[in-house]
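**Q** The lines below spell out each chain.
4 protein chains.
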Amino acid sequence: MPILGPNQYGKAENRVVKITRDGATHHIKDLNVSVSLSGDMDEVHYSGSNANVLPTDTTKNTVYAFAKEHGIASAEQFGIHLARHFVTSQEPIRTARIRIEEYAWERIATAGEDAHSFVRQGQETRLTQITYDGSSWEVVSGLKDLTVMNSTNSEFWGYVKDKYTTLPEAYDRILATEVAGRWRFNWSDDEQATPDWETSYEQVKKHMLKAFAETYSLSLQQTLYQMGSRIIDHRAEIDEVRFSLPNKHHFLVDLEPFGLKNATEDGAVYFAADRPYGLIEATILRDGCEPRIPVDLTNL
Amino acid sequence: MPILGPNQYGKAENRVVKITRDGATHHIKDLNVSVSLSGDMDEVHYSGSNANVLPTDTTKNTVYAFAKEHGIASAEQFGIHLARHFVTSQEPIRTARIRIEEYAWERIATAGEDAHSFVRQGQETRLTQITYDGSSWEVVSGLKDLTVMNSTNSEFWGYVKDKYTTLPEAYDRILATEVAGRWRFNWSDDEQATPDWETSYEQVKKHMLKAFAETYSLSLQQTLYQMGSRIIDHRAEIDEVRFSLPNKHHFLVDLEPFGLKNATEDGAVYFAADRPYGLIEATILRDGCEPRIPVDLTNL
Amino acid sequence: MPILGPNQYGKAENRVVKITRDGATHHIKDLNVSVSLSGDMDEVHYSGSNANVLPTDTTKNTVYAFAKEHGIASAEQFGIHLARHFVTSQEPIRTARIRIEEYAWERIATAGEDAHSFVRQGQETRLTQITYDGSSWEVVSGLKDLTVMNSTNSEFWGYVKDKYTTLPEAYDRILATEVAGRWRFNWSDDEQATPDWETSYEQVKKHMLKAFAETYSLSLQQTLYQMGSRIIDHRAEIDEVRFSLPNKHHFLVDLEPFGLKNATEDGAVYFAADRPYGLIEATILRDGCEPRIPVDLTNL
Amino acid sequence: MPILGPNQYGKAENRVVKITRDGATHHIKDLNVSVSLSGDMDEVHYSGSNANVLPTDTTKNTVYAFAKEHGIASAEQFGIHLARHFVTSQEPIRTARIRIEEYAWERIATAGEDAHSFVRQGQETRLTQITYDGSSWEVVSGLKDLTVMNSTNSEFWGYVKDKYTTLPEAYDRILATEVAGRWRFNWSDDEQATPDWETSYEQVKKHMLKAFAETYSLSLQQTLYQMGSRIIDHRAEIDEVRFSLPNKHHFLVDLEPFGLKNATEDGAVYFAADRPYGLIEATILRDGCEPRIPVDLTNL
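Residue numbers (our numbering), protein chains in the order written: chain A, 32 to 331; chain B, 32 to 331; chain C, 32 to 331; chain D, 32 to 331.
Honestly, the hints are just simulated from the structure, not real lab data.
Be a bit skeptical, because a hint or two may be false.
Any copy, or any two copies together, can satisfy a pair, since identical chains are not distinguished.
Claimed, not checked - Below, simulated DSS-like cross-link-like pairs (lysine-lysine); rule was C-alpha separation at most 30 Å, straight line:
#1 192 x 49
#2 175 x 99
#3 99 x 192
#4 49 x 175
#5 175 x 237
#6 175 x 292
#7 49 x 292
#8 99 x 194
#9 237 x 292
#10 194 x 241
#11 241 x 279
#12 279 x 192
#13 292 x 192
#14 175 x 279
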């Protein structure tokens, strides 16, 4: 008889918006929360008995109730509350994994004192994943859809050439990518002090952007390493960083047939291609640490 | 024999990125340009004769060549160059319609003097559509995907109740929408001075956001009217505004079964729904002007 | 004071699934229904008074209640019921427009007599739009996302060449497109017999596909005309057809650098491009009829 | 100094269409091919030296050249050719992973003998992933976006109830899901005979659908187990199956306020919800085999 391997279940993509009022000044947290539970779940697969199954509908209710009861200090803190609850309150549940997307809003400037109007920032989506097995924690945070470009200071040459190689070497090209990044915290134990999750996120994003901008790049791999390395060097709370960086190709358009010179040094016209794209993926580790972020990044 | 009605053709979604270098400071324009031509095109439909057809591939080449030759001062100005070219250079082409999406980038702060690093802003997408028939111009600009929210100062009551009405009245609700807007300029003639397209866009967006934030709303229709009306009142170059505003419902979650009070006045928890959504669409006109923006807004 | 132009409102994207049981054999209708109402709606825009406003929530309830009360014989018939109801039951509402997407399902073959298992077909999405102003009807049906390809019998040559033309002529190319089509019925009056909507749809799709496949094409415009023309010729209930056909380019890959001949006559390897794409749009009319389908097709 | 962890690079989403001509009868293969290479790649990350880097552009060229040279008997066979080439032809490359999406086309029925017209089937997308490290092979195939529904024979009751549980038990509900599945072949060695990849895919899909349709379901987990188990039992070439099954909720609409009874036994009206959704994920293994398919399924 075929046997059951790794499994999990829960309610995905619970969209929760929490407004906090501080007089006329309102604050907003806008999350998309996914719950995955695992444990003693053989019977529900083999016979359909739900005796050990907390309904996914209940996990949804818990998300909304906790947003009211505990508030949302940060996505990470909220996920920790939820994960702890599921693992400690139901015996058959051994592990909980909470994934959260967070959407940022900024204030709309208005004439009066009121501050309850917001416009969605729309840049990157912030991410976190909390995993708890009853004894230790793993927190991996990250972001996706952050598009960046250097319009110069990127080269690509000196590569292997085989019979299928036709690419000319480039000494001044556009380097653009849509950053998907994840970073793992070394916090794993309730005895340790938790990081300041909000500050950590802002600082990681800042270092990532600066490393992208300030690296004179001979390959996207080199830029990726600098981005990860700078985070490890500046943020003691993080042991591992992984990036998946599509090389969003911008091809110099051949305008010679029309009697026009299109050269990078004068400012140039590019075709921004969709597919195919180079895809560069790597993990950067604090020396002595093991890689645990999976090879393939997934959104939620 | 069935006969040919309205028709047009061209190359859609030409992705063009133009870098301009001012020493170490680079500037960027990032557009998605779609060309549609119409005119004396019966034969290509009836018999397949391409004798009057400028290939869509040629219209693509023209977009890239013009970006180099003329630069891109603004999406509107670039579209005007292109439309004029197609109508005046090919006898069978009587009308050209150029549609452009523009993606905004902001600079990444860096240590040195270099300024060639950018992060995509990611908020709204700016739009324009230029139509030229050889004698007069129509310019309709706009935006899409600008998500805004008021966390209070919105009510909804006093409506019609029929046998299918179950909705309770609301005296303090979230009002959120994803703005799709278009506005038509009254510039139509080469003899008139052209508006300052860049300033106009920034000001329209500013007025739209302020009107959204500062209106105490009894209905989304009222908010929409205020948004359009404020643009007409402040921007003399614009005669018509149309909005398509989905009512992005945020439902107060019922937490009573869990012994929790979830009331707007204390700050509350909401479920952000996807579908269905209310959809409010209307045109606001300068007094004496005719509506010309189509009832259905389309993206490109 | 700025004045109100064309406006409408309603609940969009009501997802309704209706199961009908005929013993152990079940039938399914799976629709996405959008309601738009217009009429005497000045005050809700100017002052926020909702005295003439039937809530969009009520229009949603009506969709679900009607699915139970009247069933869903076809998307068109269902839309007619809804539109008539809104216009005749509320004095301030003068016009109703109902848009419907329909998703097709086919049965999964099973061992027993039961027939309640379905797999979504996933090919095109069927569309209809019903407009009623209290006296006359307009029904425009259609489809989107139907991708078709001819791997030969397509040429493109004899076109205009200007200074920006570099495209070589083609005597054997792939012709592929993703059909978006709309067709307008000449039924407009309750006194006329209604068409058999289900049969009409199947026949229109069949003729469209056969015309695409059997036309030896000198231009995509010619193929488009044949597709529309064949519908007009075979379906007396239809007076107007409009297509928006992206030319989904398949470029012959240059394999000469690798010593390989890649010629269409031997079967060839193509790069399927995303953007840019040619876009061909046209209306085909029964002789003597006026075009009424808007130039820009919209999804819902 | 931070150190480099797991990494890979290559060209993603190479869209390749191969036409094969058998007289007037054409055949089509339509793939989206992604190449990922890894090996001795420290230097390109640390110093930017590309001395060991075969350009991603070259991997793209190789995909197109191989489609011509070797043809595409199946996605799996094509991936095996590519993976072997990269690992055996470049010393620094130790492992190649090829991911392929395949889009199915069916013929359009036409009058004549010609058979070169196709319509895209549009149902599921077929997937495969080939990994080769120079000595052993891993082939994981699968599909995504296959939406299925049982309109009865599904129950859900007898579950755990805690203080956040409000869900009523259900004795006759709709069960619908969008299948994402992967299955791992036990072929791993060039000495073994390869499976018939095309037959295998068709049979796996058939068994999966039948198991979904014929299982009287007490939980989606039970249905999932039956789907995987049936594949393991019928297909000796497969040792492991993993599914990610969103529970696409169809909620019975409450029509009581309108005096209507909406009961499943009479055929009923449902609201098809988008988010949140239950998400059920599990692996089913041939007894004695180890799980190797990652917990999170990724598209390409």
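**Q** Regarding residue 192 and residue 49, is the shortest C-alpha distance of 30 Å or less found within a copy, between copies, in both, or in neither?
**A** between (56 Å within a copy, 26 Å between copies)
**Q** For residue 292 vs residue 192, is the C-alpha pair at or below 30 Å within one copy, between two copies, both, or neither?
**A** both (28 Å within a copy, 22 Å between copies)
**Q** When no copy is named, should residue 175 and residue 237 be tagged within, between, both, or neither for a Cα gap of at most 30 Å?
**A** So residue 175 and residue 237 pass the 30 Å test inside a copy (15 Å) and across (28 Å) alike.
**Q** Should residue 49 paired with residue 292 be assigned to within, between, both, or neither, using CA atoms and 30 Å as the limit?
**A** between (55 Å within a copy, 14 Å between copies)
**Q** At most 30 Å between CA atoms: does that hold for residue 194 and residue 241 within a copy, between copies, both, or neither?
**A** neither (38 Å within a copy, 44 Å between copies)
**Q** For residue 175 and residue 292, with the copy left unspecified, which applies at a CA distance of at most 30 Å: within, between, both, or neither?
**A** neither (37 Å within a copy, 35 Å between copies)
**Q** First find the shortest C-alpha distance between residue 49 and residue 175 inside one copy, then the shortest across copies, and answer within, between, both or neither for a cut-off of 30 Å.
**A** both (22 Å within a copy, 25 Å between copies)
**Q** When no copy is named, should residue 175 and residue 99 be tagged within, between, both, or neither for a Cα gap of at most 30 Å?
**A** within (28 Å within a copy, 33 Å between copies)
**Q** From the Cα coordinates, with 30 Å as the cut-off, is the pair residue 279 and residue 192 best called within, between, both, or neither?
**A** within (22 Å within a copy, 33 Å between copies)
**Q** Could you figure out if residue 99 and residue 192 sit no more than 30 Å apart (CA to CA) within one copy, between two copies, both or neither?
**A** between (60 Å within a copy, 21 Å between copies)
**Q** When no copy is named, should residue 237 and residue 292 be tagged within, between, both, or neither for a Cα gap of at most 30 Å?
**A** neither (37 Å within a copy, 39 Å between copies)
**Q** Up to 30 Å between alpha-carbons, please classify residue 241 paired with residue 279: within, between, both or neither.
**A** within (19 Å within a copy, 36 Å between copies)
Hint check: violations occur at hints 6, 9 and 10; the rest are consistent with the structure.
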